[in-house]
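In this text, residue positions in the sequence shown follow my numbering: the first is 1, and each later residue adds one.
Among the clues, some could well be false.
Distance ranges between label pairs, derived from CB positions [to be verified]:
#1 Leu-231 <-> Arg-22: 29 to 35 Å
#2 Lys-160 <-> Pro-240: 18 to 24 Å
#3 Gly-49 <-> Asp-95: 42 to 48 Å
#4 Leu-231 <-> Tyr-97: 24 to 30 Å
#5 Thr-212 <-> Lys-42: 20 to 26 Å
#6 Asn-51 <-> Ser-157: 21 to 27 Å
#7 Leu-36 <-> Asn-120: 37 to 43 Å
Here are the simulated BS3-like pairs of lysine-lysine, each with C-alpha atoms no more than 27 Å apart in a straight line [to be verified]:
#8 Lys-46 <-> Lys-160
#9 Lys-143 <-> Lys-160
#10 Lys-123 <-> Lys-160
#11 Lys-53 <-> Lys-64
#12 Lys-53 <-> Lys-42
#13 Lys-113 <-> Lys-46
#14 Lys-160 <-> Lys-73
Source of the hints: derived by calculation from the structure; they are not laboratory data. Glycine is no exception: its CB is placed at the ideal position from the N, C-alpha and C atoms.
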Amino acid sequence: MLALITGATSGIGKEYAYALAREGYDLIVTGRRKELLTNVAKDIIKQTGANVKICIVNFTDDIKTDRFINFIKTCDIDVLVNNAGYGAEEAFSDDEYQNQEDMIKVHILVPVKLMHIIANQMKKKRTGEIINVSSLASFLTLKNSEMYCATKLFLTSFSKSLSQELLSYNIKVQALCPGFVYTDFHKKLGIDNSRRKNYGPVRWMPAEDVVTASRKDINKIICVPGKCNKLLYYLLNIIPSEILIYLTHFFN
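Construct the complete structure from the given sequences, taking the supplied hints into account.
As structure tokens, then:
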């Protein structure tokens, strides 16, 4: 059995790699930081005995991405975890356009390419799992995170539709929609440990707990880890959009 996890250098992707290796999967893992990804792979091999192939690729680089995609066409993937991604806190109109386009590549185009290839591999076997790491932010409208919210919303919506197409092939599709997670994601946005605290309905979760929830709820199309996040998800789905936009204006 073979699993592909993109963005496995740290955070949710890293924890997903460990979890699937413990379940008996061999791995293909991707990341941009060679030294860190190599260390992760070595530790997984040491702990689980899994075979781990590392692929150093930046998905904003079209040439390297195409080379990686062509390699995946030669594989036979049983589990796909589309996790590679990043956040940005920059107003859409103020940012360089290329930065916005790069996020579309990483969050949408690459996952869709991988899903198209791997879904057909899975259909031949009539089994498989596709996990798209989205975000609770996919249900929100956040200033300075316009493209992030929009691309994550695409992943959530696409997962729901794809799950219906692949249902008869016994292929499970899940949109994993965590809230705040203790990962490098927020550090890169300048959110230090002093700001990563629980307040009100906001609860920070370890990446390992997010992955545990995903595996437990693998039969669910939408997985929102954490009780408080589930409550927030419920509220976001019943509050009229006009009111929600008004409320998030103050949150922003």
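These are the hints, each one checked on the structure:
no.: 1; hint: Leu-231 <-> Arg-22: 29 to 35 Å; in the structure: holds, 30 Å
no.: 2; hint: Lys-160 <-> Pro-240: 18 to 24 Å; in the structure: holds, 21 Å
no.: 3; hint: Gly-49 <-> Asp-95: 42 to 48 Å; in the structure: holds, 45 Å
no.: 4; hint: Leu-231 <-> Tyr-97: 24 to 30 Å; in the structure: violated, 37 Å
no.: 5; hint: Thr-212 <-> Lys-42: 20 to 26 Å; in the structure: holds, 23 Å
no.: 6; hint: Asn-51 <-> Ser-157: 21 to 27 Å; in the structure: violated, 35 Å
no.: 7; hint: Leu-36 <-> Asn-120: 37 to 43 Å; in the structure: violated, 32 Å
no.: 8; hint: Lys-46 <-> Lys-160; in the structure: violated, 37 Å
no.: 9; hint: Lys-143 <-> Lys-160; in the structure: holds, 26 Å
no.: 10; hint: Lys-123 <-> Lys-160; in the structure: holds, 17 Å
no.: 11; hint: Lys-53 <-> Lys-64; in the structure: holds, 16 Å
no.: 12; hint: Lys-53 <-> Lys-42; in the structure: holds, 10 Å
no.: 13; hint: Lys-113 <-> Lys-46; in the structure: violated, 32 Å
no.: 14; hint: Lys-160 <-> Lys-73; in the structure: holds, 24 Å
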